[in-house]
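Make a model of the complete structure from these sequences and hints.
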Amino acid sequence: MYHVVHTTYMKDEFGDYVRQRREQLRTQDPAFSVRGLAGRIRVEPSYLSKVERGETPPPSEATILRIAREIGEDGDVLLALAGKVSTELQAVIRKRPTLFAELIRELKDQPDHAVLRLVREVRDGEW
Amino acid sequence: MIELKQDALLFSFPEMHQKARLGIEFQRTLRIPDDDRDYPLPPGLGRFPLRHVDDFGREVPELWLQHGGVMLPMYQSEALWLNFESSRGGYPFAIKIAAGKTNAITGESWKEKLDRRPQDYVVAPEQPWLDGYCVERGVIRQFVAMPLGSGYSAEEQITGEAEHGGLQILVYPMKAEAFERYFRRRERALGDACRYASESVQGAALDMGLAPGGRMRQEIYDDPYKPADWDLEHGSRCFVHIANSLVWRGITGQPPPTVPATAREYTDAGLPWFEYYGDDAEVVGGSKVLAQLKSVLKLGEARKDTPLPENDSVEPGKIIALRKGLAKNQVREGCF
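Going down the list, the sequences are from chains A and B.
Under my numbering, residue 134 is the last one in the first sequence; the count climbs by one each step, no gaps.
Under my numbering, residue 352 is the last one in the second sequence; the count climbs by one each step, no gaps.
You can take every hint at face value.
To list a few chain A residues with every Cβ distance to chain B over 12 Å, as calculated:
| id | residue |
| --- | --- |
| 1 | P66 |
| 2 | E113 |
| 3 | L114 |
Straight-line distance between alpha carbons at most 27 Å, and here's what the computed BS3-like set of lysine-lysine pairs gives:
| id | chain 1 | residue 1 | chain 2 | residue 2 |
| --- | --- | --- | --- | --- |
| 4 | B | K35 | B | K129 |
| 5 | A | K102 | B | K21 |
| 6 | B | K35 | A | K115 |
Sample of chain A residues at the chain B side, in silico, Cβ under 8 Å:
| id | residue |
| --- | --- |
| 7 | L123 |
| 8 | V126 |
| 9 | V129 |
| 10 | R130 |
| 11 | G132 |
The hints are simulated quantities; they were obtained by calculation from the structure and are not laboratory data.
Every value quoted in this text rests on a predicted model; they were computed, and no experiment measured them.
All C-beta atoms, glycine included, are put in the ideal place defined by N, C-alpha and C.
Okay, here's the thing in structure tokens:
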């Protein structure tokens, strides 16, 4: 079942970003042609081409995550550019919606280093 | 800082450089035969599950909580390799790896500073992975799991004691100014098969140590940078505890991964092995201390023990060559 929430996305922003990144990589490796990348993410080259040109909405979450892995980008960043939130994050928010809504609003204008302080780190002990 | 993300450790140093991010994952693999032949690289069979030890405070030993860090489950019939993934910009890191606080490159006891002669660390991304103890130039003995206290681990063979177990990892990033100096030009160019466990859980020892298994062809590359390029003020370290897979469910409530295929099953299925070529990169010599270690098979024979019920020699038929600067699709992944 398709669970991704569609929010507003800047038209072409996702496609532009993917195309620019793919073309950068293609200067180093011909495997990053439209056909090559499409084959690896299991879509038709014509479909990928339309996505890159913004002629069709961004693909599914699973396909976006495959694109992210291939072009070496963060999956959450690409999902955000596509105006989506991952199924995993939705599940997290749905468990405690009020708490997370409040937390996100509180943090929205905080600098990165302040937000990073909330990230759970692996604890080091005595050894 | 170190985060646990999707069963991998993510070391990042955002205060130094945005690109200073290194992922270390622990790949499951089959145990190569311990028969004194040199084998190519076995496949990666997926990541070991990784969990914070703090989340299972009531179930794990007090010592694990004292060490902090993470834990993973391992069967005695499997092996482990470390995969180093730095960001696409190729930010360099010096990485010290020890098992039971015995350095995997030199066999020396744990210390936090970096030694160049002999080199007691690996450098990522030059070193894409590490599969075991460096016993000779170009040869390692595979990291295999044995119950801590059984006398097989490198730690026990060297120190005579089963005190630490697990894996210890310490990561130093390159200084930001050195990174900019080395990589500015490049940056501009780039722009910005399975069987279910049937063994009995009863009586299984919890804590596992890493012991030297079969021999494998793997080079440890010389540090191509200067000692002053490493930022020794900003190291991050992590203790990775190894739990016997047979008690993993008892600790976490989650099933452990399935038992991996044996080397014979994998090879008979026509699945690939791998060779990595680092081109003209300098290679460090092996450790005399580690070369003296007895493999699990040899030590078992000396003790009239049978620690490896399945240890058939195999003839890897299909070998895939991987070269330095792995391109897309040059992955070391197998499936069974």
